[in-house]
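S.K.: Each chain, letter by letter, is given below.
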Amino acid sequence: MPRTLFDKIWDAHVVERLGDGTCVLYIDRHLVHEVTSPQAFEGLRLAGRKVRRVENTIAVVDHNIPTDADRLNGINEPESKLQIETLEANVAAFGVPYFPISDARQGIVHVIGPEQGISLPGMTIVCGDSHTSTHGAMGALAFGIGTSEVEHVLATQTLLQKPAKNMLVQVDGVLPAGCTGKDIVLAVIGAIGTAGGNGHVIEFAGEAIRALDMAGRLSVCNMSIEAGARAGLIAPDETTFAYIKGRPYAPHGADFEAAVAYWKTLPSDAGAQYDKVVVLDAAGIAPQVTWGTNPEAVIPVTGIVPDPANEPDEGKRAQMQRMLDYMALTPGQKIAGTPVDVVFIGSCTNSRIEDLRAAAAVAQGRHVAPGVRALVVPGSGLVKRQAEDEGVAQVLIDAGFEWREAGCSMCLGMNPDKLTPGQRCASTSNRNFEGRQGPGGRTHLVSPAMAAAAAVTGVLTDVRELV
Amino acid sequence: MDRFTRLTAIAAPLNIANVDTDKIIPARFLKTIKRTGLGKSLFADMRYAADGSEKVDFVLNQPRYRHAEILVAGENFGCGSSREHAPWALLDFGIRCVIASSFADIFFNNCFKNGILPIMLPEAVVGALMEDASLGTNARLTVDLARQVVVRPNGEEIGFEVDPFRKECLLGGLDDIGLTEQKTAAIDAYEARIPAWQPRLHAGAKQ
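Read top to bottom, the protein sequences are chains H and F.
Residue numbering for the first sequence follows the numbering used here, beginning at 750 and increasing consecutively.
Residue numbering for the second sequence follows the numbering used here, beginning at 2 and increasing consecutively.
Worth flagging that the hints you see were computed from the coordinates, not collected in a lab.
Just to be clear, a hint being listed does not mean it is correct.
[What the hints assert, rightly or not] Derived Cβ-Cβ restraints for the label pairs, each shown as a range:
(1) F/Q149 / H/R794: 31 to 41 Å
(2) F/A193 / H/A960: 32 to 42 Å
(3) F/P123 / H/V1026: 52 to 62 Å
(4) H/E1060 / F/A187: 49 to 59 Å
(5) F/A187 / H/T1014: 19 to 29 Å
[As the list claims (entries may be wrong)] Computed cross-link-like contacts, SDA-like style, restricted to lysine to any residue with a CA-CA straight-line distance of at most 25 Å:
(6) F/K184 / H/K1025
(7) H/K757 / F/M131
(8) H/K1167 / F/K184
(9) F/K168 / H/R766
(10) F/K35 / H/L793
(11) H/K830 / F/R36
(12) H/K1025 / H/P751
Note that the Cβ used here is the ideal one computed from N, Cα and C, for glycine as well.
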């Protein structure tokens, strides 16, 4: 029977099928960070258990670390400091490989996995973080888990799971200039909704997906969780193999050739069946901006803020009104031209070198608008170094952007980079939930080029007018 | 984890769709290294004003719902992050059961690991239970996991589906890891088949 990419990876990792369809699923890569692991290590300690396979495991700090240059002198915030120290004690006690902040390889867990060649096609990859879906761009089955499951994987290198359903999102045609993987995935979420992928793994396919570089593909899979999907997947191809070749933890030489031979067997078979299929035309996509407080509340930058009066469902109408009140927007107003206070370029969605280059291309020869604070937070120490070597960093610094150290930063309000109540932010992150970037903060999700355009004009702007 | 068998309790209505994990427990409260003590931060931004005082109109601040153990919620409850702090905060507040027409997958899964029963029911049925819940202390719902029924205050019984394996774990308060450890021989055999090209991680790969 023809199988999908998801089916093939799943089948290859079933250790044992239990009576009711639950599977003991083997996990190839377990990424660990400071926020969702302390209780898991504590559980191991209380039960006298070890980490079953440290060679499948890697730890890094990213969520609550500051991103200022002073951080190497110590973390000021006591609770963050304790959480980081706890991770460091745990990796030492259990023998888990670890990138501390003093290591250039430190960065956002979903940036360093692909960057280091840790995340490879055909693998099962988990992390106590929902944006683990990012690694699906490598052709891996990657999904977020809770802390109880983190403990389960540490102890047994497996999870108890039932297979997800298969969903195909096919994006045909050619993406217009000025649009990116971020715009594709926002348009997809706008089309299928925040629960559109619940219970499914979404395989992204079609001409527009194939044409994306790995950074664009990683952005797409990153946000598949925002459509409720368990994971996102893109079939590995020559673009994937070329990206992986030579990376530190990737296979080398004859091992690489053996790996590629296997990876080429992974793409979905002709005639494979999907439980749900959605087809989009890339040619119809414009740069996207969210207007509300969940990622499906998205419109093209050329659009107007929708009117709840046109929504027939009472519950949805009330939700729209609540979102408009929170965001301080008026139905019918053009989204372009809305003034911003802060611009954030970073996060596991958009902090790779390609993202920073796109921002710098817009910022070149321009300056951050008066009164706007603009932050650029590279996804890893190595991205930061590369951007500095290429001159990308200098362009951004000259344009008045803050150039910071790697971390999750303003994507989520649990480190010093936060919005203050009422501040409006054009952000390249993935969630525009109420309070996500700091209590009372207002988030508009956009691509890196769109964020840079907002920074230099001071208002939400169609980047195509600047290039 | 505590067993879940049969619960008769006050149900609090939270008739909002897409209640995300940042609403259930904002990120700034995730800096703990413990599982306990998060109840006071549950729904923090909806529950407290900027000065820390309680917002009187929020459902769990109303005297009749302070001891609620069941939450009746809108669709797609628990969307967003994988933070298990969300079920930990619910549990620490005293919530043992959440009823909604749909849930986000990771949150749904995390509930079972913590002795919380998430129940998915059709929207119209959730609407009826929402009305029951709006009666506050005048109405209690009973959730009987063994029989897989919710009993309304008027005695009507509503059946619900639950995965048999998860049901067994909840009824017995069973530890997943202990169960999986019984499969160690099969895991050993699997690991012996991992292809030789698959790299092993360590701290010092060359950059």
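S.K.: Against this structure, judge whether each hint is valid.
M.R.: Structure-based check of all given hints:
no.	hint	verdict
1	F/Q149 / H/R794: 31 to 41 Å	holds (37 Å)
2	F/A193 / H/A960: 32 to 42 Å	holds (41 Å)
3	F/P123 / H/V1026: 52 to 62 Å	violated (25 Å)
4	H/E1060 / F/A187: 49 to 59 Å	holds (52 Å)
5	F/A187 / H/T1014: 19 to 29 Å	holds (24 Å)
6	F/K184 / H/K1025	violated (34 Å)
7	H/K757 / F/M131	violated (43 Å)
8	H/K1167 / F/K184	violated (46 Å)
9	F/K168 / H/R766	holds (18 Å)
10	F/K35 / H/L793	holds (14 Å)
11	H/K830 / F/R36	holds (18 Å)
12	H/K1025 / H/P751	holds (16 Å)
Going down the numbered hints, you'll see the structure goes against 3, 6, 7, 8, while the others check out.
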